[in-house]
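When we follow this note's numbering, the leftmost residue of the sequence shown carries the number 284, and every step to the right adds one.
Keep in mind that a hint or two might mislead.
[What the hints assert, rightly or not] No farther apart than 27 Å at their CA atoms in a straight line, the calculated lysine-lysine pairs in the DSS-like style are these:
| # | residue 1 | residue 2 |
| --- | --- | --- |
| 1 | K449 | K419 |
| 2 | K450 | K420 |
| 3 | K343 | K378 |
| 4 | K343 | K389 |
Everything labelled a hint here was simulated from the structure, so no lab data went into it.
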Amino acid sequence: MRNAQDNHAHADSRYKEIGWLDYVILLQNIIEVRLYSYTSLNVHLPFEVQHPSRYPHLKKGLMFIRFGERMKRIFNIRLYWENAPAQNYGTWDLKNGQTQWEHIPKTIDLCLDTGHVMLEVRSVEEARRNIVKILKKRGKQIKHLHIHENDLLHDTHNPIGKVITKKLLAVLIDNRTYIFEKG
């Protein structure tokens, strides 16, 4: 497993289209969560679901999510699917634009990564509006948060304070688990 912070594990990712190896990796990560008693496992949503116009195999992505959801029930763990749009390696800017939320199932538990929502917006105000908009549409599904900010271009995991105000933070963390994600 790639890492864990504050006892919340982050699943390994190949950062590619879903293939058979992703199923093996996810199952291995789920077993590790049980063995080491992590509080939860965070998994990146498949690119096929986040960017269906760029990755044409939406059904493959949805099948992977169904597999993860089945394993979550079998192993009795908390598993959250993270908005993690495709990024360019090294520069950590967006490769294919923001996550397209319309194909993400409304029946799964989500991890909202605030820094990912901020990428490629024009202003701090727009970043804040986008977070609030997602909270309104998917708030009941959002069970866990990765809280951090960035320069609106690169996923740099900066401390909060410019986009995420105290008031917004209070709304975000209300009845949810969270980490202040480190770089």
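Okay, the hints, checked on the actual structure:
no., hint, result
1, K449 / K419, "holds, 18 Å"
2, K450 / K420, "holds, 19 Å"
3, K343 / K378, "holds, 20 Å"
4, K343 / K389, "holds, 17 Å"
Of the numbered hints listed earlier, not one is contradicted by the structure.
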